[in-house]
Each structure stands twice: as C-alpha cells, then as structure tokens.
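There are 2 protein chains.
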Amino acid sequence: MKANVRERLQRMHRLMQEHHMQYYLVTTADYHNSEYVGEYFKFREYMSGFTGSNGDLLIGEESGLWTDGRYFIQAEQELEGSGISLFRMGEEKVPELTEYLKEHLREGSRLGFDGRCISIQMGKKLEKIAEENGAGLVYDVDFSGDVWEDRPVLSAGPILLLEEEICGMTVAEKLEHVRKELKKEDCEALLLNKLDDIMWLFNIRGSDVPCNPVAMSYAVVTQKEAWLFLQKQSSQTEAVKGWESKQPLTILDYHDLSAFLEEYEFSGKVWMDERQMNYFLYKLVEEKAEVYLKDAPTELMKARKNEEELRQIREVYKKDSLAVCRFMRWVKENAGRIPMTECSAAEYMDDLRRKTEGFLELSFPTISGYRENAAMMHYKATEQHQKEIVAEGMLLVDSGGQYMGGTTDVTRTFALGSVTQEMKNHFTAVAVGMLRLMDARFLQGCTGKNLDILARGPLWDMGIDYKCGTGHGIGYILNVHEGPQRIIWKYAPGAKEAVLEEGMILSNEPGVYVEGSHGIRTENIMAVKKDVKTGDGQFLSFECLTFVPLDLDLVEVSMLENKDRERLNRYHRQVYEQISPMMEEEERAWLRQVTRPV
Amino acid sequence: MKANVRERLQRMHRLMQEHHMQYYLVTTADYHNSEYVGEYFKFREYMSGFTGSNGDLLIGEESGLWTDGRYFIQAEQELEGSGISLFRMGEEKVPELTEYLKEHLREGSRLGFDGRCISIQMGKKLEKIAEENGAGLVYDVDFSGDVWEDRPVLSAGPILLLEEEICGMTVAEKLEHVRKELKKEDCEALLLNKLDDIMWLFNIRGSDVPCNPVAMSYAVVTQKEAWLFLQKQSSQTEAVKGWESKQPLTILDYHDLSAFLEEYEFSGKVWMDERQMNYFLYKLVEEKAEVYLKDAPTELMKARKNEEELRQIREVYKKDSLAVCRFMRWVKENAGRIPMTECSAAEYMDDLRRKTEGFLELSFPTISGYRENAAMMHYKATEQHQKEIVAEGMLLVDSGGQYMGGTTDVTRTFALGSVTQEMKNHFTAVAVGMLRLMDARFLQGCTGKNLDILARGPLWDMGIDYKCGTGHGIGYILNVHEGPQRIIWKYAPGAKEAVLEEGMILSNEPGVYVEGSHGIRTENIMAVKKDVKTGDGQFLSFECLTFVPLDLDLVEVSMLENKDRERLNRYHRQVYEQISPMMEEEERAWLRQVTRPV
Chain A
1 MKANVRERLQ RMHRLMQEHH MQYYLVTTAD YHNSEYVGEY FKFREYMSGF
51 TGSNGDLLIG EESGLWTDGR YFIQAEQELE GSGISLFRMG EEKVPELTEY
101 LKEHLREGSR LGFDGRCISI QMGKKLEKIA EENGAGLVYD VDFSGDVWED
151 RPVLSAGPIL LLEEEICGMT VAEKLEHVRK ELKKEDCEAL LLNKLDDIMW
201 LFNIRGSDVP CNPVAMSYAV VTQKEAWLFL QKQSSQTEAV KGWESKQPLT
251 ILDYHDLSAF LEEYEFSGKV WMDERQMNYF LYKLVEEKAE VYLKDAPTEL
301 MKARKNEEEL RQIREVYKKD SLAVCRFMRW VKENAGRIPM TECSAAEYMD
351 DLRRKTEGFL ELSFPTISGY RENAAMMHYK ATEQHQKEIV AEGMLLVDSG
401 GQYMGGTTDV TRTFALGSVT QEMKNHFTAV AVGMLRLMDA RFLQGCTGKN
451 LDILARGPLW DMGIDYKCGT GHGIGYILNV HEGPQRIIWK YAPGAKEAVL
501 EEGMILSNEP GVYVEGSHGI RTENIMAVKK DVKTGDGQFL SFECLTFVPL
551 DLDLVEVSML ENKDRERLNR YHRQVYEQIS PMMEEEERAW LRQVTRPV
Chain B
599 MKANVRERLQ RMHRLMQEHH MQYYLVTTAD YHNSEYVGEY FKFREYMSGF
649 TGSNGDLLIG EESGLWTDGR YFIQAEQELE GSGISLFRMG EEKVPELTEY
699 LKEHLREGSR LGFDGRCISI QMGKKLEKIA EENGAGLVYD VDFSGDVWED
749 RPVLSAGPIL LLEEEICGMT VAEKLEHVRK ELKKEDCEAL LLNKLDDIMW
799 LFNIRGSDVP CNPVAMSYAV VTQKEAWLFL QKQSSQTEAV KGWESKQPLT
849 ILDYHDLSAF LEEYEFSGKV WMDERQMNYF LYKLVEEKAE VYLKDAPTEL
899 MKARKNEEEL RQIREVYKKD SLAVCRFMRW VKENAGRIPM TECSAAEYMD
949 DLRRKTEGFL ELSFPTISGY RENAAMMHYK ATEQHQKEIV AEGMLLVDSG
999 GQYMGGTTDV TRTFALGSVT QEMKNHFTAV AVGMLRLMDA RFLQGCTGKN
1049 LDILARGPLW DMGIDYKCGT GHGIGYILNV HEGPQRIIWK YAPGAKEAVL
1099 EEGMILSNEP GVYVEGSHGI RTENIMAVKK DVKTGDGQFL SFECLTFVPL
1149 DLDLVEVSML ENKDRERLNR YHRQVYEQIS PMMEEEERAW LRQVTRPV
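Chains as they are written, first to last, in this note's numbering: chain A, 1 to 598; chain B, 599 to 1196.
All the pointers check out, no bait thrown in.
On the chain B side, residues computed to face chain A include the following (Cβ under 7 Å):
id, residue
1, 1039
2, 1041
3, 1048
4, 1051
5, 1059
6, 1062
7, 1063
8, 1088
9, 1159
10, 1160
11, 1161
Read the hints as simulated data drawn from the structure, not as lab findings. Keep in mind the model is a prediction, meaning the values are calculated, not measured. We treat Cβ as the ideally placed atom computed from N, Cα and C, and that holds for glycine.
Given only the sequences and the hints, what does the whole structure look like? Please build it.
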C-alpha cells in the first residue's frame, strides 16, 4: 500500500508540474458536502492510504494530511512510510490547513483543487489566501480521473418514492414553503446541492451512499418551476416517470446541471447555502447572476419533523427498541457460554434489525466495542482485528437502522460479568446525565449550549469529560446526522448555534472513555416538544423515543439523588409499558426483571 | 413637570428647525459610555421627565422614548401628558430605535446628536441609516447647553490615590501589559475613555458618579508615554502632583483631549473599543490616522483580579457579610415590634456598613422591597412612597458597599412572620439554584451561557423564569457592574459572550418575581478559581465570597435533594466559621441557630 501511495503521489506531482501548481488539495467530499461519501469520491483515501471518514490531503513538495482527534492513531499508522506528514487538528501549535497555506503558498505559484468538492465558504478562504500571497487558484481541475486507475463508478442506485401519507406533506406543499422563503428574501431561485435536503423536499430517497438513503442529485426551485437533477440510471424507470408526471416538477439529468445554469437566464438573485454549495457552481452562477448566500430554508423545515413524521418515528423506535432489548437479553445471557466476538455480536444485533418490519438498511455500521476497545469512540471491529467476548467486563454497542418510517440510533453498554467499582461509578454518572437532560424543561430560545451541562455536569464533577458533543440531530428515513440543532458545550469558531424547536430530533449520548480500560456510552433519542406556557413564556421539553433498559448491573444506586432514582425508575416503567406488549411471555418476565425499580 | 417637558420640547424644536434637523437624539450617556452617569449628563431625564437609568429619547414631529422592561410601568407614568410615545424595547412588533429611524428619516433631512454621548458602534449604525435614507448626520452639536437651564456642573471631585500594595500591580507593570498588547496588534496608541478601565490602569479612583468611584478622564498610551486626562479641579492638588512626579505618566487637562488628538502626529494605528469609545472622538481620529477597532485590552486585565486584589476582596467580603448578618438579626427580631419602613430598614443596613472599617460609600442605592414591592426588580422606596414593615411576609434587601479593598453586592430575602407555602417553595427553588451554580465545576472555555441553567433550572422546572441574567461581573473598589463576564442564558444579538477565567468575580442571583404578591432574590458573589487538572483538561470552579445565612424560615426542606441539602448545610457551616469569630458571644449563639444543619 505504502509503495502504491508513493507512486501515486509521483504521478500527481508530474501532473501538477505540467499545470504549474505548487499545491493540489484533495478534500474528503463529494459535490454535495456530504458527511459520508460514496466510493467514487474516496480519492483522498486512494491518494494517501488513510481510510478515516474525515481528512484533507494537501499535495506539494511536502505533503500533509489534516484530520481530527478521532483518527490520530489510525492516521499515524496508515500514513507511515507514505512520506505524508500528519497534522493533528486542534492540537496546540499545529497550524490549520489554511494557516499552513498562508505560510507556504508562494507568490506567482498556483493552488489547484476540484471546486466541486469544496464549499463556498472554504473556496472563499482559499481565494483570499491566494490573493494575499499573490498566487493563483485553479478550481476547475480534477486530476482524480487521470491518476486513479480502476476508479469505482459513480453510484446510481434505484430511487425510492415515498408514499405521501408517511411524509406528512406533499411535494407541492413543501415547494410552497420554499417559495414563500424565496419571496421573503427577494430571490428568484434556490439552488440546492445538499442531498438530504433534496430527498426531503421531493419525498424521495436514494441508495448512492451506504447507510445514507440519498440519491446523487441537485435541485433548482423558482416561483413557477422546480427542477430535480437525477442520474439517468436512477430516474429512467417506469415508476419514476409515472411519479414525475403527477408531481409539480421536471426531472433533468444530474450531469446537465452546469449546462442548465449556463443557459438559464436569471433575472433575480440566486440563493445558495455558503456552507453546503460547492465552490465550482458558485463561481459559475456568480458570473451571470447575483448570488444570495444564506442557510438553505430546507434545512430547518426538514429538521422540524411534522406530526405524521413523528407518528411514524414513534412506532419505528418502539420496534427498533424491541430489537435492542432482545439483543441485550441475548448478549447478557450468552456471553461466556457460546463463542462470541465483537463482530458476531454486531451481526446478531444487525440480524434482529433486519427481521424487523419496515427495515431498509443500517443507519451506520454497528459499533461493537468490548472492554478497552469501547474507549475508542468510533471503533470498528473487523474479522481480522477484534476481541473475543467472554463473561466479564463491558460491551458497548452503538447501532441503528433505516426503516420505512424513521431512522434510529441507540447506544447501550452492558455488563457481561464482573466489573470494577470505577466502571459502575462511571456508568451511573453517564446514566444520571442522560436522564437529567432527557428530563429538562427549558424556555423557547435555548440552544444545545444551554443544556449540555445537564448531561455533562455529573462527569465534570468527577473531573471527566468526553471529547464530543452530547447530541446530534437525526433525519427521517435519512442521514443519522442532521443539522442544524446540536447539544454541545463549545461550538467551533464560526459554527452555527441553532435554537431548539418543536419537532426537532436529537440524540442524548454522554459517555466515559478511559483509554486502555473501558468505554461507556448511553444514548437515547428524543424529540423536542411543547411544554407548559406560563406568564414567563413558552417552555419546551423532550419526548423520549428510545425504550431500552439501562443495565442495572452497572448502576451504583447509592450515587443516585432521589430525583435521579425517580427518573431512572420512571424511564424503566415506560420501557416496560412500551415494549412488553410486543414481547412473548417469557421475554416479558425478563423485561420486568431488568426494568425493576431500584 | 409635564408642562415643563412640553415647553422644553418646544424650545428644542425651534433649535432643530434652525439647524434643519428632522430628529435630535438624546441618549442616556456621558462621554464614556458609563452605565450610570453624573447629574451633568441627565439631559434625557430633563427633556422627557423619565427618571429611569436607561432610555433613548428621539425628538421629532413625533417624539419617542425607548426603554427596557425594568421601566415600562414607571416610564408610562412619567411620560403621561408629555406627548412622548413610549417604545417598549424587546416587545413584539415594537420597532427598535434604529428600525424606527430607518422607517422615518426622510431623504434630504438631518439627524442630530451629541457624538460624544454615542458609541462608535451606534454611531456607525446611524451613519448607515442616514446614508441609506439619503439623509445627513450632524454629530457635533450639543443642544443641552442651550435648552437646559440650571444645568448642574460637571462633577470634579477629589482623586483617591490607591496604595500600590492593595493594587497588586504598579502602574508601570500595568502599562507594560498594555504595551505588549499594542505591540501584538501592531498599534501605535491606545485611546481609552472607559472610566473604570482608566481608574484600574492608573491605580486611582474618583468621585464623579455616585456609587461609582470614577473620575471623569481619558487616557492615551503609546510605547513610550502615557497621558492621563483629568479635570484640573481634581488633579491640581499637592497629593496628585506629588504622585504624578513618581509615576510613568503625564497628567493633562480633561478638556484638552480633542486638541491633543488634533495636534498629535500619529504614525501608526490607534486602538479604540468600538462598544465604548465615543463616536465624536472616533471621527476626529479617523480623519488623521488609521483606527483599529477591538475590545480594549484593559477590560480583561481588570476583570481578572490578581492575588492581592483577591486577598483584599476576601477580607472586605467577610466584614461586609458581618454587617448583613447583623441586619438580618435586627430585622427579623424587630419587625412588628418597633416602627419600621422600607426606608428605615435600608437606613439601618446602610448604617451598619458605614460603621464598617474601610467603608467609602455604598456601591449602589440600597434596594429594600417589602411584600409585593420586592416583585419590582429595581424597586426604590422613597420617603413619600414606601411600605410600613410589620411581622408578616418577606423583605428583600439588595445592597453593597465600596470599601478600601473591594466592592460588595449581596441580596437576601427574609421572612418577617407568616409566609405562604408558595413563598417557601419559591425561596427554596431559588436557594437550590444559587447553591448548585456556586458548586459547579466546569472546563476552561465555558461561558456564563453554559452555566446559567444550573441556577435557573429549578425555576424552569416550576414554569417560572426571571427576566434578567443570573450573574454580572463586579469591579474592585469600582463599578458594581463590570464586564465582560456574565452568567445569562440568552445573549442579546451582537452581545459579547466572554469565557470565564480565573480571578473573575461574578454575582449569582436567581430570583422569583410574582407581580402584586412577592419577590425573592438570593445573591452571593463568587470568584472563578482553578480546580483540578485532569487528562481531560483544566477545570474551574467558584470560590464563595459572601457569607450570610439563607433564611431557614423560608426553606422547604422536603424539596431538597440530598446533595442540595448537603450544599446548604456546608454553606451554613462556612458562614458560621467565617463570621462567628468577628461576633460577640450573644450574636454567635444567634448565628449558630440560623446556620443549623437541616
């Protein structure tokens, strides 16, 4: 692999020389700023050998890879011998990619990249650096085609047409909302590239990114028309054609967007989302029309789940919780009695989901971390590298599914045998934090920053922190990570701090990660709902969607305040009430036992 | 009064006509953006009859007064019959002053104001509005001299020269810090107008604003020199002259600053704080030098109290707490037994402070609110309008002093006889919130927004909110309100969200305000201190400075969680330990009783 990487870099250097480029930047992105990208877009992985989901590769005389704390150890191993330096993002004295370029980009030289794989925001930053350094920017080159042999084809899977009933709103109704916003902001057109926003807007789903039911697509919406750009292989079916004829939209070819934009005669402003839209299309439109940069209106509309979506989600979460309850019983009863590994346990969990009505696919690859492996927040066991599971210590399983009716995500940590007092103390603090946040009542106007300490506080009291947010948004039969809402105590500079609103779905997942020893995470999903309205304002609170017991074998009851104990018992009562009717007699007895009041 | 106001407005209208002005704006400000201003600057009060501490008066064909929620009732009463409309800031559909101007300022017309009484930030906003509306801006007029008969003179009280020992740093050391910042930001000079920053920098205090020990002043600091601009009446004393001769600075006349700036030949950037510096001086300097806008470096230096300041503060707070303990005993034992009013109770409290060693003056006029009067957050009893105090209900006293060694601020609410269960529940929730916040441990990097819910949460759980922040910064022998740190759940748009740092002093004052019934506030002052440093980072927590019992007659013990009960008992133990050694035998017995464990 390392030899390959060196040879690939050499070929790249030759191309760069021909084009008089000092640097070529390879980001980890598709044309849609997706968090996870299809195989076609894994050029950074091909060029560097680094397989993590986040990282930017800057190729030059010296090449460097920038990635975040989740991947430091992995990147170090995978980059070894490649000649590529690792830049640990966020560490002291490690320059950001932009700072590095500011320092090193020479006057008269050129920086190249595929402008389709970079956001407007990032593109503008690079533009500024190049300008200040007296260098040139080449944003319309894509060397991947020349360097990457055997590049996978661009995925073009089938389109799933959702029944209107489970969407709660017709495409026409959603378009009407968008058009109101267009009018309000005095824009002629909205140009969308964010795949989940497009799926939501047109009540369709795709299958071009594993675990993310999205189709490669763009959309343009004006007051009178709506164009949906899909790959021909996906859209040229009887079903899609029949659907198109009944919808207020026109389907065009995914690859024809640039031509469309070049030809279209804009007479007003074109709305783009600076964080999402790619720089190439921005430059293309900017030449011929006024660009209006603002968060896409679809983001918030999609985030605020409507009544029908919530109704579907509640049912799906119950079925999904049942699967996790069954897994809990199986793993606790069988660890040490039958051969079991991290992978086989994950497989058992996945099988339970697959058998669940309405299941489409996993919402992300199941994380199954035993003992110290669970201390790695994004650990992925493989058949080659994994632990055997015995009747001792803890197993952390973070998993979820895509269903016709919702996207789930749930983490539980189970005791499989003897555990230390420290583990119990940690588990209890995590449980208390999770329960307190779930039980919060707060005034309209709060963001996740106001609430984070409810979950994190019990750990801070112990001098412990987890190096990630407490909660992320979740899509509806869509991406398991969705914005703009988050629960986090400290936003990255420039990051958006969204107000929590009725209908938003959030995870609640505090954890403890002790390197080399153990990892604990407990994750429930909740929906923001209206609470009392008093003279002091409209209060909000959370509706719990996940109903899986917290392993009482790990709860140190003496650490619980009275109200925390009440919260735990109330939650377990709800778990029993919601899940037991779906169970068989013998399972029910088990569930009653593991949800007993403490 | 109303007749006077109408007549004054008429005179103003005539002046405006002569100067071809459609509007004249009168802000509540001195030339230093002070929160509280001297009598000389109360032109807005003179012109409108409204006596509140915050409000902008826009004089035009229609005149309007903009003020905040604290003053809606008072402003309505005081403006009645004046012809001035009240604009309730923050209420729905009420335009902000700038929005109103945007709507009403006519093309070709002019907007006038005294640019010395407006911040750069505000001045730029008005500039933009005038430009967009095609109107003119006149910022160098001051009609107050023409309209205001019997205007009080500009206060020019004596200068207090602080002993270096109690400042912890010499003027030379402080200037060195400023000069490092100048160098870092590549600036030639720092121009300061914020009075408490100037007092802090030069280790002096003044007496030109009641309760705020500041002197009217400006300062200019360069790498080589430091000029302090003071009024001659204040600075022409033997003591000040002797001091000046030993300090690395030159004193010039307060009224000569403009001439100084006009003459000085700047060769580099001049640093000003956009939120604090007045627009007039900005325009003056902007014409001849490059202006660098950034928060003044003195703000953070002043906010982070040094070890010596903290040592002084601790001692002062103990003495101040003793005075409040004595008041507590007196008021609870004598209510209903001797004639007592809100004012006489406040007077008794103030007298106890006056007798305290090191006392200089009150840090703000004592708030003494009995029964429903306490529901008004900034209630001020007067001899004419006040309640008689009897042995029933609750009394809220919010008070503080300026001492040679610190500035105090403390609020307690006392039961003077029978109280309702609701009052006890409210008091207990407030106490729990205050104690939880005081007991917080948090990672370096937190702001007040992260912590606010600890104090506010117990009230939100009851559907109650208080319409103000939980905590403000406090000066050192300086203003009782000081930035940049705050504890608040929602910042006003554009407001600064400061990270909490070691040595910062903050109030912690949740409350319940039930209109027409009762008001409760419990306020302790705390200093941010370093806590444990673990693998997960540097933690911070609070050191408590205030030691006055919470009235156990108002605590509903059954509402307390175990940890809250421990917190209360621990706090009361500390109160006894800190205060009893300063007490006489009989007082000590009383203190032991009111700090008994529950």
